[in-house]
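Number of protein chains: 4
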Amino acid sequence: MTDTSFSHEIRVSWGDCDPAKIAYTGRLPSFALEAIDAWWETHLGGPGWYHLELDRNIGTPFVHLSMNFQNPVTPRHRLICEVWPTRLGDKSISFCVVGSQDGKTCFIGSFTCVFTIADQFVSQSAPDPIRKLVEPHIRPDLS
Amino acid sequence: MTDTSFSHEIRVSWGDCDPAKIAYTGRLPSFALEAIDAWWETHLGGPGWYHLELDRNIGTPFVHLSMNFQNPVTPRHRLICEVWPTRLGDKSISFCVVGSQDGKTCFIGSFTCVFTIADQFVSQSAPDPIRKLVEPHIRPDLS
Amino acid sequence: MTDTSFSHEIRVSWGDCDPAKIAYTGRLPSFALEAIDAWWETHLGGPGWYHLELDRNIGTPFVHLSMNFQNPVTPRHRLICEVWPTRLGDKSISFCVVGSQDGKTCFIGSFTCVFTIADQFVSQSAPDPIRKLVEPHIRPDLS
Amino acid sequence: MTDTSFSHEIRVSWGDCDPAKIAYTGRLPSFALEAIDAWWETHLGGPGWYHLELDRNIGTPFVHLSMNFQNPVTPRHRLICEVWPTRLGDKSISFCVVGSQDGKTCFIGSFTCVFTIADQFVSQSAPDPIRKLVEPHIRPDLS
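Chains as they are written, first to last, in our numbering: chain A, 1 to 143; chain B, 1001 to 1143; chain C, 2001 to 2143; chain D, 3001 to 3143.
These aren't lab readings, by the way, just hints derived from the structure by calculation. Note that this is a predicted model, so its numbers are computed, not measured.
Think about it this way: if two alpha-carbon atoms lie no more than 25 Å apart in a straight line, the pair counts; the simulated DSS-like pairs of lysine-lysine are:
{"id": "1", "chain 1": "B", "residue 1": "K1021", "chain 2": "A", "residue 2": "K91"}
{"id": "2", "chain 1": "A", "residue 1": "K104", "chain 2": "A", "residue 2": "K21"}
{"id": "3", "chain 1": "C", "residue 1": "K2021", "chain 2": "A", "residue 2": "K21"}
{"id": "4", "chain 1": "A", "residue 1": "K104", "chain 2": "B", "residue 2": "K1091"}
Calculated Cβ distances over 12 Å to all of chain A for the following chain B residues:
{"id": "5", "residue": "G1045"}
{"id": "6", "residue": "R1078"}
{"id": "7", "residue": "K1091"}
{"id": "8", "residue": "K1104"}
{"id": "9", "residue": "L1133"}
{"id": "10", "residue": "D1141"}
Now the stretches of chain B that chain A is said to cover, found in silico as 3 or more residues with beta-carbon under 8 Å:
{"id": "11", "segment": "1020-1027"}
{"id": "12", "segment": "1055-1066"}
By construction, the Cβ of each residue, glycine as well, lies at the ideal position given by its N, Cα and C atoms.
Can you make the complete structure from the sequences, with help from the hints?
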């Protein structure tokens, strides 16, 4: 059985915080996206979306995101983002991202992207090498 | 009948775009949040969340956001964000934000915040003046 | 004599501010850049750097920026950014940007870009149409 | 002799890049600031400016920044930011930050902050514990 765990650490800084002294809500989707980008980087062996788009001509634009916020994010601890692909459709892929600090869950998010031929910006089925790479990691129970 | 329409215009710039030549997904929640902040500003007569938090000691941290992306956002047109409150609970408020460019819908999002006593970061019921201000604008049909 | 004045208004929001209740220093260069992008937009008749790069194959990467900060930027007033080109060399262009709120100067910055053939990322002389467009607006006294 | 070297690693991502396929200029000052924040974190034993401001009531607003850009920053390599304090005046502190990727210098920047009593936003002399902490690390040759 493949170990599907992947976690990405983010250093939350002063500039991420708003006058309420917590990370600004607008930063939180970016943190989750960075974690998904890092997931791709680790599994592709190239720099994430940058590699997919520029070296492989594969785009993965987002069609949906949803996040629940349970505890504030602050600079007092590193933000640990766990990432799992939860579903691989013919033309789409979904991810779950859970962000936590000091053992407490801060947010849970779900994200769906479609595959495109990057330089034409038209939809395509998930390319085979991507499918092979992703499938062993899918966790449908987290979707 | 109160006119509930409110729209906020955003200038999308080069720096908002990623190498796919469209606004980066991570920027889109921030655009929607900026539109909600502008909604508060217009209806409060003070600078949005900054005014609520610092002048009125009312916080409105987000507990949920959800967005669907239908068309890419680019610098070729201004981004028009329409904002409506869709529900005012005892302790929470929800908004719908629709972003469009050149007449095409780019994204539709829903957002829920809770009310807090800002300097204590504890939950509170929606303060009366806020309730009075929001109620005439609520559009439950858009929730 | 050409009127060289150009100003770009920016709505500073809650999310631009840090826990010191003022716009985060890291946002201020971005505000100035947005103003330069808007300067190009107004004078080119297309969406700034996006238009230059994608429609005209002209890149203008920055080689230098310098800013002095005199007063904090907050959401209480709109930020007015005045922009002037101050020098047009064979292969470079410099701008001055002055940001103010409520009549008080917040920052003064100087910025230098070089011209490139965008899709080759190699240096070029300022293209003639750009030279003609810029020259009437140059204010060497502000460099 | 104290070893004054400090370096902070930044993961540059897709979302940091613009359509020219390099990190957007507006992101580069933020990278340098994050590195200075990390310098404080390492030397203070608390989360940087967040700790200084909220736990020690010491603010360090920026009065100046200047950066030269020598090579583009991309997601293909980690960005290594070296940070040194270069001068400690009575009421101000200056830093040098050098950012490099894959052994090539991308930018060199200088930054000056003043000390304030954070909750009063008034200037103060560098507090003694800060002075003691900073002095062994100063590299005047890099100013």
